[in-house]
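**Q** Okay, here's what each chain looks like letter by letter:
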Amino acid sequence: MNPAFSVIFLTTLIGAGQGLFMALVTGQVYSLANLLEPQDNVSFYAMGSALALVLLGGGLIAAVFHLGKPSYFFTRAWRGITQWRTSWLSRELIALPAFMLSVFLYGVAHYFDMTRPLFVIKDLVPVDATLLLGVTGAVLSVVLFVCTAMIYASVRFLQEWYSPLTVANFILFGLASGFTLAAAFSAWSGIALVGFFGTWAVIFTVLAALTRGFSIYRNGRIKHKSTLQTAIGVRHTKIKQRSMGFMGGSFNTREFFHGAGRGTVVSVRLFFVIMVFVVPVVLLAASNAMQSAHLPIVAFVAQYLGLMAERWYFFAEARHPQNLYYQTVG
Amino acid sequence: MTQLALVIDLNVCVGCHACVTSCKEWNTSGWAGTMVDHRPYDADPTGTFFNRVQMFEVGEYPNTETVHFPKSCLHCEEPPCVPVCPTGASYKRADNGVVLVDYDKCIGCKYCSWACPYGVRELDEMQKVMKKCTLCIDRITDESRPENERKPACVLACPTNARLFGDVHDSDSAVSVAIRENGGYQLMPEWGTQPANHYLPRRKTRIQIFEDELERADNPLKKEAPLPAAEGETLDDVAY
Ligand code: SF4
Ligand code: SF4
Numbered sequence: 001m002n003p004a005f006s007v008i009f010l011t012t013l014i015g016a017g018q019g020l021f022m023a024l025v026t027g028q029v030y031s032l033a034n035l036l037e038p039q040d041n042v043s044f045y046a047m048g049s050a051l052a053l054v055l056l057g058g059g060l061i062a063a064v065f066h067l068g069k070p071s072y073f074f075t076r077a078w079r080g081i082t083q084w085r086t087s088w089l090s091r092e093l094i095a096l097p098a099f100m101l102s103v104f105l106y107g108v109a110h111y112f113d114m115t116r117p118l119f120v121i122k123d124l125v126p127v128d129a130t131l132l133l134g135v136t137g138a139v140l141s142v143v144l145f146v147c148t149a150m151i152y153a154s155v156r157f158l159q160e161w162y163s164p165l166t167v168a169n170f171i172l173f174g175l176a177s178g179f180t181l182a183a184a185f186s187a188w189s190g191i192a193l194v195g196f197f198g199t200w201a202v203i204f205t206v207l208a209a210l211t212r213g214f215s216i217y218r219n220g221r222i223k224h225k226s227t228l229q230t231a232i233g234v235r236h237t238k239i240k241q242r243s244m245g246f247m248g249g250s251f252n253t254r255e256f257f258h259g260a261g262r263g264t265v266v267s268v269r270l271f272f273v274i275m276v277f278v279v280p281v282v283l284l285a286a287s288n289a290m291q292s293a294h295l296p297i298v299a300f301v302a303q304y305l306g307l308m309a310e311r312w313y314f315f316a317e318a319r320h321p322q323n324l325y326y327q328t329v330g
Numbered sequence: 331m332t333q334l335a336l337v338i339d340l341n342v343c344v345g346c347h348a349c350v351t352s353c354k355e356w357n358t359s360g361w362a363g364t365m366v367d368h369r370p371y372d373a374d375p376t377g378t379f380f381n382r383v384q385m386f387e388v389g390e391y392p393n394t395e396t397v398h399f400p401k402s403c404l405h406c407e408e409p410p411c412v413p414v415c416p417t418g419a420s421y422k423r424a425d426n427g428v429v430l431v432d433y434d435k436c437i438g439c440k441y442c443s444w445a446c447p448y449g450v451r452e453l454d455e456m457q458k459v460m461k462k463c464t465l466c467i468d469r470i471t472d473e474s475r476p477e478n479e480r481k482p483a484c485v486l487a488c489p490t491n492a493r494l495f496g497d498v499h500d501s502d503s504a505v506s507v508a509i510r511e512n513g514g515y516q517l518m519p520e521w522g523t524q525p526a527n528h529y530l531p532r533r534k535t536r537i538q539i540f541e542d543e544l545e546r547a548d549n550p551l552k553k554e555a556p557l558p559a560a561e562g563e564t565l566d567d568v569a570y
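Heads up: the protein sequence lines correspond to chains A and B, in order. For the first sequence, our numbering assigns the number 1 to the initial residue and increments by one for each residue that follows. For the second sequence, our numbering assigns the number 331 to the initial residue and increments by one for each residue that follows.
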């Protein structure tokens, strides 16, 4: 497949935004259980939510540029929420705004200090508006992760994607980059949660390395179902295309071929493996030792660049059966 | 239920592209708007087509065979491209099984093209909506036309009659008979998409002739030789 920059930005930005929001809610739940110091409503939770919203908004803008024409966003995109019964893309188009709304409300609730307990569970857990919104948002975040990943994992013709590993990768990459960003955000604003978020970021990064490593291994040995024989229905071991029927390319040659050489693809894979898995773990460990305010930020930037490369590779490694029909110009 | 479809006879197709040009002519002038052409007279022309004729070489020189292979949307009975569409722009008509795109609803997200294994959907670079073969839905459903013109443009244009059109759910239709009697098959059956369009394979007509049928022992035309009857009965005298 030919990687589209709109989709690369969309999936990496909202992934990091979702992960960051999950990190905020995790922090709140931990402090509720008295495992962490409670944090300031405005400078931590409200600002953190705003940062998550910026990422999600960036993703939304990228998505608009994935439409045939950006103007379709105003004239037609509403139709995209009508087919949620069958289409994961439609489900994502519902889940994304719903999640953004809950992040917004979560930030607003914290900003206005709406922390008076609404009720108390078993005389132990005081539940306030921010907690309710946080838990709702966390659930929606998981829903959005699944919807986004299933857009790819449900296309059975793209056998490289058609696997639960795709869903695991999307969730773990989002959590890893989001928690790294939470560590960077804490370090930047002088909040003493760098170690907490950094530890979780390392855990998610290592888990993501495992699932992604496994999917790279799986895709290296994949056996494609379709062959030139089934494509044209001729039983012969030697079939060659002599002409695809046109000279100057078509949608089918532009959308499904990335055109990069084997060397480029392998280099991109090496780059993302280093930038997504190795660099952030090393930098987060170093920042823990040195109490640096800058290293976690560098770690996030490196991981984010790596994730963009990862998403490019994700598209490039998927080979569509339609390519069998477009092998030779003529 | 009716399922309209094409049956394409690879034994007859000569790869002339008449179906490609007549398809483009009919559909670019139709109610749905033009099918764009970019740089039509330059080195790298590109544009939207519903139908392409490809060419494959089977075997190794000198024992090769050329297969001309017209390809358009196969109007699958289980179309994987339809349920993935977020807007409902892609749909399958209940009354005749034709798979269509509503160009007024499509947002050009291309997702349906990922979900078609045959590479027959093309995003129009001008209108930015997904396009594909409609089986000339505006022709075949036009009751004001005489019956014999209610066929897709490609079928009417084909000079060798390699393209048959009809209802593959009607066992007695010409297309069903052709599929049944001439070995009609579907493309990429491994995906379970149940394409309605079928292809008829390349076929060779062979007669089997044995040596003794060429050189009959009692060939009466060999005047110079004595008639075998004079030498007693031959096999040909008892087996006829
Ligand atoms: S051939 Fe492709 S576009 Fe046509 S119905 Fe089948 S899956 Fe859909
Ligand atoms: S490109 Fe158009 S027809 Fe295809 S899935 Fe998107 S909205 Fe539906």
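One or more hints might be untrue.
[As the list claims (entries may be wrong)] Below, simulated BS3-like cross-link-like pairs (lysine-lysine); rule was C-alpha separation at most 27 angstroms, straight line:
1. A/Lys69 with B/Lys440
2. B/Lys534 with A/Lys240
3. B/Lys422 with B/Lys440
[Said to hold, decoys possible] Cβ-to-Cβ under 8 angstroms is the rule here; a few derived chain A residues that face chain B:
4. Gln83
5. Ser226
6. Arg242
In short, the hints are calculated from the structure, not lab data. For clarity, every value in this text was computed on a predicted model and none was experimentally measured. Idealized CB from N, CA, C, for every residue including glycine.
**Q** Taking the hints in turn, state whether each one holds.
**A** Hint-by-hint comparison with the structure:
Restraint check for A/Lys69 and B/Lys440: satisfied, since their Cα atoms lie roughly 12 angstroms apart, inside the 27 angstroms limit. With a CA separation close to 21 angstroms, the supplied pair B/Lys534 and A/Lys240 stays within the 27 angstroms bound. Pair hint B/Lys422 plus B/Lys440 holds up; C-alpha atoms about 17 angstroms apart against a cutoff of 27 angstroms. At its closest, the beta carbon of A/Gln83 sits 5 angstroms from a beta carbon of chain B; the interface hint therefore holds under the 8 angstroms criterion.
Taking 8 angstroms as the C-beta contact cut-off toward chain B, the hint placing A/Ser226 at the interface holds, the least distance being around 5 angstroms. Look at A/Arg242: its Cβ gets to within about 5 angstroms of chain B, closer than 8 angstroms, so that hint holds up.
Comparing the model with each numbered hint stated earlier shows that all of them hold.
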